[in-house]
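Protein chains in written order, with my numbering: chain C, 6 to 462; chain D, 102 to 426; chain B, 6 to 544.
FYI, nobody ran anything at the bench for these hints, they're computed from the structure.
Fair warning: there could be bad hints in the mix.
In silico DSS-like cross-links for lysine-lysine, where the CA-CA straight-line distance does not exceed 27 Å [what the hints assert, rightly or not]:
(1) Lys44/B with Lys262/C
(2) Lys122/C with Lys387/D
(3) Lys262/C with Lys299/B
A few chain B positions that, by computed beta-carbon distances, are all more than 12 Å from chain C [to be verified]:
(4) Gly85
(5) Val99
(6) Glu184
(7) Phe379
(8) Gln380
(9) Ile471
A quick note: this is a predicted structure, and the numbers were derived from the prediction, not measured.
Note that beta-carbon positions come from the ideal geometry of N, C-alpha and C, so glycine has one too.
Below, each chain spelled out in residue letters.
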Amino acid sequence: MKPVILWSDALIYLLVISLAFFFYRLRKDPQIRERWSQVFSSSLGMVTFTVIATYILIALLDSLHFREALENPEGVVGQEVFYDNKVTSVFDVLTGGMGDRFERTYSAPFALQSFEKENLQDAAGNDIRDYPPLRHAGQHLDDPDERGMDIAVKSVTALFWGALLSLLVIGPQWLLTRGSRYPWRASWLVQGIVLCTGVWMVSISRYYHILGTDLGGTDVLFQSLKGIRTGVLLGTLATLIMLPIAITLGVMAGYFKGWVDDVVQYLYTTMSSIPGILLIAASVLLFQVYIDLNPDFFTIGMEKADAKFIALCFILGVTSWATLCRLIRAETLKISQLGYVQAAHAFGVSHTRILARHVLPNVVHIILITFVLDFSALVLAEAVLSYIGVGVDPSMGSWGNMINGARSELSREPTIWWTLTGAFFFMFTLVLAANLFSDQVRDAFDPRVSLPSAVEL
Amino acid sequence: MFAYIVRRLLYAIPILIGVNLLTFTLFFVVNSPDDMAASQLGEKYVTPEAITNWKRKHGYDKPLFINPEAGGVTQLTDTIFFNKSVRLFAFDFGRSESGRDITTDVATRMWPSLAVALPTFLVGIWVNICVALMVVMFHGTRLDRGAVFLFVALMSISYLFYIIGGQFLVAKTWRLVPISGFHTEGQVWKFLILPVLVGVVAGIGAGARWYRTLFLEEANQDYVRTARAKGCSELSILFQHILPNAMIPILTGVVVLIPSLFMGSLLIESFFGIPGLGSYMLDAIKSQDFAIVRTMVFIGSVLYIFGLILTDISYTWADPRVRLS
Amino acid sequence: MTEHENKPPGSLCMQVQDLTVVAAESGETIVNAVSFELKAGHIFALVGESGSGKSVTSLAAMRLLPDALKIRAGSVTMDGQDLFALSEANMQAVRGRRVAMIFQNAMTALNPVQTVGRQVAETLKLHTRLRGKALRERVITLFTEVGIPDPGQRFDFFPHQLSGGQQQRVMIAMALACEPDVLIADEPTTALDVTIQEQVLNLIMNLTRSRQLAVLLITHDMGVVKYAADEVAVMYRGELIERATVDDFFHNPQQAYSKRLIDALPDLRHFREAAAQRPLLELDNVKVHFPIRKGLLQRVVDHTRAVDGVSLKIGRGETFALVGESGSGKSTLGRAILNLEDIVGGEVRFEGNAIQNIGRKAMLPYRKKIQVIFQNPFSSMNPRMAVGDIIAEGMISLDLGLSESEREQTITALLERVQLTAGHARRYPHEFSGGQLQRVAIARALAVNPELIICDEPTSALDVSIRAEVLELLGQLQREFGVSYLFITHDLSIVPTLAHQVGVMQHGKLVEQGTAEQILTAPQHPYTRALLASVPRLD
């Protein structure tokens, strides 16, 4: 086994570590603690946070990549170890190989046969046209009619193990949080549901395709799960790239005023006057041209897709700083007039120190709210960009690519609804949780600021 | 007021120059015309001659900024920068990579865009205000909380699902209108009704939620307390005092979008097969026709700046306290 | 509007009995069993500091409490009718018709997008059958009655086009439109400049007599009570602790708290002796102008002369009070001395050295010697820093050469000196009250051993009883450390106990200056006289 560290993997772990450090630092400030405790005192805050945390955990597990060592072909004895060209993640392993069970083409959820008729030979050797049986569904069944009963029995067993696992996970938390004033029960409920469904999915998917398969025969559930990493990473990395630009320019403009302010205002008016989607599309296309002309740049296919992905995050970040910059500039202008900045001037405190100690800490709430709010906007934007053809690489699973591929399927008879359902469910849950959570954060940190979304498509 | 508008128009010039420089850098400096030719020709046909031919045909064979071979003013004008970027200021958009006249295309395609975008915009605002007013009337009750949750849920659904769902239900299952298409003669409304409906419904979540916040912000103002002390009923406070005040941020917030309605909507137009500027842009992106993309970036910026100026003017019109100088 | 007969003077108009208001969620009592009566032709003053529950009482009587508060018990009776028993629709007929209300801040209490005439007309439309031309004429009559000039024209003005005093007059016209029996005035003069304050109070008093109104006057200002009220009740933490006629109250207050409130009134008989005359700070014809830009190219066409040629001297250990109304340029002058504002003309000399417009580095040594205390203690402390760090900031940046432990000792000493404890150093600003924070601000200024402290309205955001304590502390510190103060204030009444010298500022100019005794007993300039006339006094 050989670990593979993609650029996006490194960045996301860097982000998680810096966020953890940031919150560790904030821990001292009683006002911030009070506000966070307000967020988590409501069941809604707890539930949505647990949901988001689950998605992030899956994304992190899916960001631990490695290449498996190939067994040497028989008869060949050598020191050199060859590695599989396919990159696997820890998450892939945890799903029990859900992604490795390909069919030939479409099949409905829990189906035993393919969705389309093919030319087959029956037992007697005659050519007939019928639905061929699936390769990875219901192989263990003697009689197709037993399917319902079989699913029920397997589900009950799976739920039993799921409940047991939930107990193991929630039990220690229960012991640790006794007497706490936060509504932990709400969080445990979500944890329980997530664990039970998780166990159920993994165990059932060994016998059936829970959400069917798509045109290429891939398991739809697995694809939807793989979309989580793309969505979460895009939502966080793009904001991460945008933040330093917006903060630096906004704070400088609001604090130094004069020509600095003029320049920054000019920059963000220019930036926001360009139709965002065109700028993003053009930049992505140009990067695509660059990759096409330099095909030897990347050793494995996944690295190429990853480079495109990072470029997309970068482009989204660089094109979307204007809104936050304007907000921070306005807030900094306000803060610069306040007594404590004036007092600092009267004490001869240096500009850098005033910026670091007085201005920055007091715009953190705007940054925080923007971060959470932009997250959901970016997840939604990914789908649209993938539809336009400037999103993430088709080889990288994403909800946008799934929707894009499934768009014409609804008009078929009978309707193929499961690909869209899969993408819809996982995307909707994440975005809804993030939106509700951002409402809670905003209420706690600044009830008055009404922030429009930074990414408007 | 007049001086103000003239000053704003003058301020637009450096911004448009900035936009043009940025797109120029992106299209010609980051990516050289050679790269563009190579990717347009396709891998198999890339030969030095083919590239030169392609460049000559599309006018990319000149130097970027200064042409030392020409004399006098043409040193500056006979360049890619002048031909591809400066000419945009005269609304001379040139030809697309496939040889079509962009100016004619834009002129014919903006009307279908407007035919969809304008009704969506107007009906959308009206519906959102109505929904928000109804919710505000029940402020503090369970109905209010439920409605806010519903708004957030509606916001969390991707636009693509609204379109796909609308087409599936209205056009395919119920067969009320054609799935897509557009004819200028006859029953145009048949083709417009579904895109407008989808556009309006998709906007309710974010729109009504925003307006609700605006209404509630106004409801906390001192003058509302004064109105109560006068003996006004709650309903007349809502319509006589809160609504007129809240219309200021609502109007000035949406005015900036009005000029951009000409640009149409990328997604709606491509799904419903409407031959507007939105689908024009999408086709250009998909076929990597950078001449069209450049033009649309320029038009989009002009319209946005125009929208900003309109916003300022609408402030003076809607709010007696604001005077421009 | 003659259907409604005036009540005979002194007859009972409204009776409030055992009114109790609690917070809806926590159940905390905000107003506890408050009872009083309002009589025709009488002004009943309800006095208390912020948070005492006086405004809540008035809103409860109108049934206009915000959702977070609710009435637990009690009754409000008018003509034998319990207002709390009325349906909401009937209550709407009472509001504006029989009980009217005016609020503290007329600017925000008026609808900004409706003309003032229409707003007054709305009240009449709600409660009478007047319409059309008659309605307009009635409003103009009302405007004339409350003393709005050009009432016919002003009818179509928007609130922002009127001055603060005129806005409050519009509010009064609106309240009186339907000839109510009871007028509730919630801090009607607090947001106004002193000279305007007096005019508005006179108007309310005249209307009380002429219309036989029963007035509930809510205020925190003992001067207003003394000037206008017939009867007074003191409210403290939600309870009425004392009630008396105005004469009795001021001559013989029963409660210690009431005495404290009365003591806050100025004593215009005792002044401070002039101090040593060695000048520490000298201003010579100082000018601060802000450009006004106009036209196509935004050329500077004129200047706002915020400070226009001010000269004054402050001696060591002396207090110079700079008095003026809002917009007179007094705060700008303070900021200019601190080199936070560009001076376009004149000289600022500190210990004989010119310090105007000198560079950031060159100013540093003077920053140790000139310090500042701002008006709003809440905005002058960074909410993200602990109080100890706030005090230490100046010591660090001005490099007083102290080790960390020495600094901590100094902070402890300072906190104790301003009557706080060492433990407060680890707390954050939002955990303190306004008065405590202002002490922290004083400690912060003292931390660098300054010779001059510019105090920019340091007490105007504080309640009166706390105001006295802070002023007392400043006085003690002056005697102890020999520090000089430039005391910027709009409130002449605090001058006698505080200042050696007084300067009166109007429109950027110092119109009069002299010793406190000269200015307060024999003012020369008409503006000083007007200011002084509006100061309530105890005699």
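Okay, the hints, checked on the actual structure:
Restraint check for Lys44/B and Lys262/C: the C-alpha separation of about 58 Å exceeds 27 Å, so the hint is violated. The suggested pairing of Lys122/C with Lys387/D is violated, with an alpha-carbon distance near 34 Å, which exceeds 27 Å. Distance restraint check for Lys262/C and Lys299/B: the Cα-Cα separation of roughly 20 Å lies within the 27 Å cut-off, and the hinted pair is therefore satisfied. Listed as a non-interface residue, Gly85/B keeps its Cβ farther than 12 Å from every Cβ of chain C; the least gap is roughly 44 Å.
For Val99/B, the shortest C-beta to C-beta distance to chain C comes to about 33 Å, beyond the 12 Å cut-off, and the non-interface label holds. Remark: the non-interface label on Glu184/B is consistent with the geometry, its nearest Cβ contact in chain C lying 40 Å away (cut-off 12 Å). Chain C draws Phe379/B into its interface by the beta-carbon criterion, the shortest separation being 4 Å against a cut-off of 12 Å. The beta carbon of Gln380/B is not kept farther than 12 Å from every beta carbon of chain C, the shortest such distance being approximately 8 Å.
For Ile471/B, the requirement that its beta carbon stay farther than 12 Å from each beta carbon of chain C is met, with the minimum near 18 Å.
Hints 1, 2, 7, 8, counting from the list given before, are not met by this structure.
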